[in-house]
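Counting from 1 along the sequence shown, just add 221 to a position and that's the residue number in our numbering.
Pairs of lysine-lysine residues, derived as DSSO-like cross-links and limited to a Cα-Cα distance of at most 30 Å, are as follows:
no., residue 1, residue 2
1, K275, K336
2, K275, K404
3, K223, K275
The hints are simulated quantities; they were obtained by calculation from the structure and are not laboratory data.
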Amino acid sequence: MKKHIPNALTLANLLAGCVAVVCLLYQHYAAAVLLLLAGGVADFADGFVARMLKVQSAIGRELDSLADMVSFGLAPGVILYMMLQNGGEGEATELYLPGLPAFLLTGASALRLAKFNIDSRQTDQFLGLPTPAATMLVVGLLLWYQQDVWGCRVWLSQPVSLYGLVAVLSYLLLSELPMFSFKFKKGGWQGNEIRIIFAVVALVSLLLAGVLALAPLIFGYILLNVIRYFLKFNA
222 MKKHIPNALT LANLLAGCVA VVCLLYQHYA AAVLLLLAGG VADFADGFVA RMLKVQSAIG
282 RELDSLADMV SFGLAPGVIL YMMLQNGGEG EATELYLPGL PAFLLTGASA LRLAKFNIDS
342 RQTDQFLGLP TPAATMLVVG LLLWYQQDVW GCRVWLSQPV SLYGLVAVLS YLLLSELPMF
402 SFKFKKGGWQ GNEIRIIFAV VALVSLLLAG VLALAPLIFG YILLNVIRYF LKFNA
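Input sequences plus hints: build the corresponding full structure.
So, in C-alpha cells, the structure goes:
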C-alpha cells in the first residue's frame, strides 16, 4: 500500500488542476486559486512522501509530470488567456484570438517538464524556473489584478505587459539558470542556509499578507537566483 500513497497525492494534484481550469472558464477565480495552491501542496508532498517511504518509481516520476502539465502548464495558460480577454471579466462566449499567445507558456511548460525527466543534473537544484513557481507567479498577479493592488490593474490590463510576461516566463522555464530547490538532502543548517532563510521569509510573508504575497515571493526567488548565478559566474 505504501507505494500507492505518493501516486494518490499526484492524482490529487491532477484533479485539483482539472477543476481549477473549469473554475477559471466560469470566472470562479477564488476557487481556482485555492485549487492550484492545493495542487502545489500535493505536488510537493508526493515527492517528499515517496522519498520518506523510499518508494520512488519510474511510473511516479512520469505521473508527476503529467499532473504538473495540467496544474502548472495548462492552468497558467488559461489564466493569462482570461486576463488578455478583457482582464478575465468578459464572458467567454467565443474564441478570443489575441489571447492565444498565452498558451506559449503552456508549450514551454511541457518542454520544461520533458527536459526535467531526462536531466540527471537536477537532483538537488533546478536548471530553469520550476513550473509550479511560474504558475504561482501568474496566480499571484491574477490576485493583484483582481484587488488592484498598488494600482497594478492598469498595467496588467495591457496586452503588451501580459505578452511580455509570457515571453519572460517561457524563457526562464527553458533556461539553464541554476535555481535552488527545497529538497533537503540532510538535516541541519549547513548546506541548507538559503532554503531555510527563504522558507522562513515566505512563511512570515504569507502569514502577514496571505496569498497576495505569492507574486513578490516568486519575483524574489527569481531575482535571488539570478544574483547568485552572476556572483558565482564572476567569482
